[in-house]
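Novice: Given next are the chains, with one letter for each unit.
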Amino acid sequence: MAKRVLIVDDAAFMREMLRDMLTEAGYEVIAEAVDGDQAVTAFREHSPDLVTLDIVMPRKSGLEALREIVALEPSARIVMCSALGQEALVMEALESGATDFIVKPFKPDQALGVIEKALNKE
Amino acid sequence: MNLEKYKALFVDEATDHLAEMSGAICVLESREGGDAASSIDTLFRMAHSIKGMASSLEYESLASLAHRLEDWLEPLREAGLLPDAGVSLLYEAVGALEAMVGVVAETGVAPAADEGLLGRLAQPLDLEAEVGERPPEQKKKVRRSLDRRCRARSACAPRRSTGSWRPWAS
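Protein sequences appear in the order of chains A and E. Using the working numbering, the first residue of the first sequence is number 1, and each one after it goes up by one. Using the working numbering, the first residue of the second sequence is number 1, and each one after it goes up by one.
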């Protein structure tokens, strides 16, 4: 059965790119969210196997959403989507319970490798 | 990867972002609408988003300009204020990004960024000078922001390009 992924990013471009990459690799994208509030709601609703979570978003940031999701489900698999220059935020996310991270621009092989590893993590 | 699909998406979304950025600058310039912090946050997020999209399509010149603008905005975002001296440079940067996205829409290729503009964006605004004109509570906020920025710069690890990096393990 395909692993179910929730994509969270405020940029339609990035959501589309991730959706294409994940679908082609055999994952099921069960929902998409455009900010932290929607992310938490979609997580409650769909209980995905993995979340890809952008950091910089309106209303509720990726870090805030991460903390809420981890409080709801401490074993949630969450891969942060960061960009160059966000090392301090990535460190904060990992300390707050993120499973791993990928850096934009995504290289599909590397990004899928990180996602696969996050799903298989004990 | 269907590059044409992503290029069209990029042009549409970047154009929307740039319109939103122009609106945010107008709000900041007019000092109406009250919340400067929210307008600066919008500018920062839009620049960040354009950087990510442009770098995904290897429009490096566009990504560089958006990245430089994002870095220039970061201390202003933390302080929640934009000194008057920064308004014209913001307009110039957003105008340059609009022109570059326009060229991408027409030709599919990103033109070179204006080196002079990149250089000006590399110079942070003098927020300390601005502090002198602010009420005491805002002065504290700006100084805290400047302190945090200094600490963050000294604490940052070297940049890496992809996952599984644990900064504290190196």
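Don't read these hints as lab results, they were simulated from the structure. Nothing here was measured: the structure is a model prediction, and the numbers come from that model. Be aware that a few hints might be false.
[Unchecked claim] Looking from chain A toward chain E, a few residues come up when the C-beta cut is under 7 Å (computed): (1) Phe13; (2) Val56; (3) Lys60; (4) Pro105.
[What the hints assert, rightly or not] Below 27 Å or equal to it, Euclidean Cα-Cα: the simulated DSSO-like pairs (lysine-lysine) are: (5) Lys7(E) <-> Lys107(A); (6) Lys3(A) <-> Lys121(A); (7) Lys5(E) <-> Lys107(A).
The C-beta atom is built at its ideal place from N, Cα and C for all residues, glycine as well.
Novice: Under the constraints set out in the numbered hints, which ones does this structure not fulfil?
Specialist: 3
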